Amino acid sequence: MNIPSNRSTAPNGRPLEIQPKWRQDFPIDVADDELGARREFTKFAVLVSFAFVVGQCWIALKSWLRRRKPTPGSQRIAAIDDVAVGAAMLFHYPTENDPCLLLRAATGTFFAYSNQCTHLMCAVRPEMDQSRLHCPCHAGYFDLATGRPIAGPPRRPLPRIVLEVRAGSLYAVGVERRTI
Amino acid sequence: MKKRPLSRDERRSITYGILSVVVVIVLLQLWLLTATMNAYLGGDDTVVWPAAAASLICFGLNGGLLWYLYSIERTVETSDGDSP
Ligand code: FES
Numbered sequence: 144m145n146i147p148s149n150r151s152t153a154p155n156g157r158p159l160e161i162q163p164k165w166r167q168d169f170p171i172d173v174a175d176d177e178l179g180a181r182r183e184f185t186k187f188a189v190l191v192s193f194a195f196v197v198g199q200c201w202i203a204l205k206s207w208l209r210r211r212k213p214t215p216g217s218q219r220i221a222a223i224d225d226v227a228v229g230a231a232m233l234f235h236y237p238t239e240n241d242p243c244l245l246l247r248a249a250t251g252t253f254f255a256y257s258n259q260c261t262h263l264m265c266a267v268r269p270e271m272d273q274s275r276l277h278c279p280c281h282a283g284y285f286d287l288a289t290g291r292p293i294a295g296p297p298r299r300p301l302p303r304i305v306l307e308v309r310a311g312s313l314y315a316v317g318v319e320r321r322t323i
Numbered sequence: 072m073k074k075r076p077l078s079r080d081e082r083r084s085i086t087y088g089i090l091s092v093v094v095v096i097v098l099l100q101l102w103l104l105t106a107t108m109n110a111y112l113g114g115d116d117t118v119v120w121p122a123a124a125a126s127l128i129c130f131g132l133n134g135g136l137l138w139y140l141y142s143i144e145r146t147v148e149t150s151d152g153d154s155p
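Line order of the protein sequences matches chains X and A. Last residue of the first sequence: 323 (my numbering), numbering continuous. Last residue of the second sequence: 155 (my numbering), numbering continuous.
Note that these hints are calculated values from the structure, not bench results. In this text, all values refer to a predicted model and were calculated from it rather than measured experimentally. In this text, a Cβ means the ideal position worked out from N, Cα and C, and glycines have one as well. Relax, there's no trap hidden among the hints.
Which bits of chain A does chain X cover? Going by a derived footprint, with three or more residues having C-beta under 8 Å, they are:
1. 77-89
2. 92-102
3. 106-118
4. 122-135
With these hints in hand, go ahead and build the complete structure from the sequences.
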């Protein structure tokens with residue numbers, strides 16, 4: 144039997160006919176196998192590349208749908224006197240599915256943030272005495288005054304709820320999402 | 072003029088080269104996806120469509136390289152029917 148020039152010979156260098164039976168039955172050429180495997184891996188990598196394009200398109204679609212949504216209107220949260228200094232209050236804005244926290248740090252200083260951690264959406268808890276918000280799920284911390292992450296896994300600040308004071312009441316008038 | 076079919080060693084070098092480039096591009100796309108997701112969740116919609124276009128271009132490049140890889144195998148098959 145002739146071994147084609149681009150086939151590897153057996154490790155002992157002898158022709159195939161005098162190789163042990165197991166090698167004759169399974170004459171896989173290692174170099175060819177390697178070539179095929181790398182080609183298949185390249186194909187897989189290209190498939191992954193396609194999956195990333197699908198992911199990007201999905202994000203683009205979600206973004207388009209988000210931009211089509213009407214901007215949230217204003218919503219009364221509470222009367223100023225309803226929240227004591229150093230206290231926090233839970234409310235929902237802009238929809239019933241968006242829990243938020245209203246925090247009164249000083250007499251005239253209010254902050255409001257989304258109550259969902261920017262890591263994996265656990266509820267954050269205010270720690271007013273330490274001027275921070277704490278996420279108990281993975282020990283994430285956010286600065287009380289800015290909502291920016293200061294420790295733990297979160298990388299993005301908490302969405303800030305824009306507040307307005309009208310006739311002794313606090314109103315939520317918008318949501319400000321931030322990347323830094 | 073008919074092209075000389077590439078030897079297996081040449082094809083292997085080309086395959087490794089293409090695989091390396093494809094992997095680098097895929098890693099770039101992964102970075103692009105995470106950065107875009109971060110921007111989207113942070114309320115920044117401006118980068119979303121350009122990033123999708125960039126990712127599509129990367130996929131086009133990858134597809135072209137894969138097509139080339141298979142085309143050199145086809146050249147070998149038609150010349151001696153000896154391809155794996
Ligand atoms: S969900 Fe808040 S730190 Fe992980």
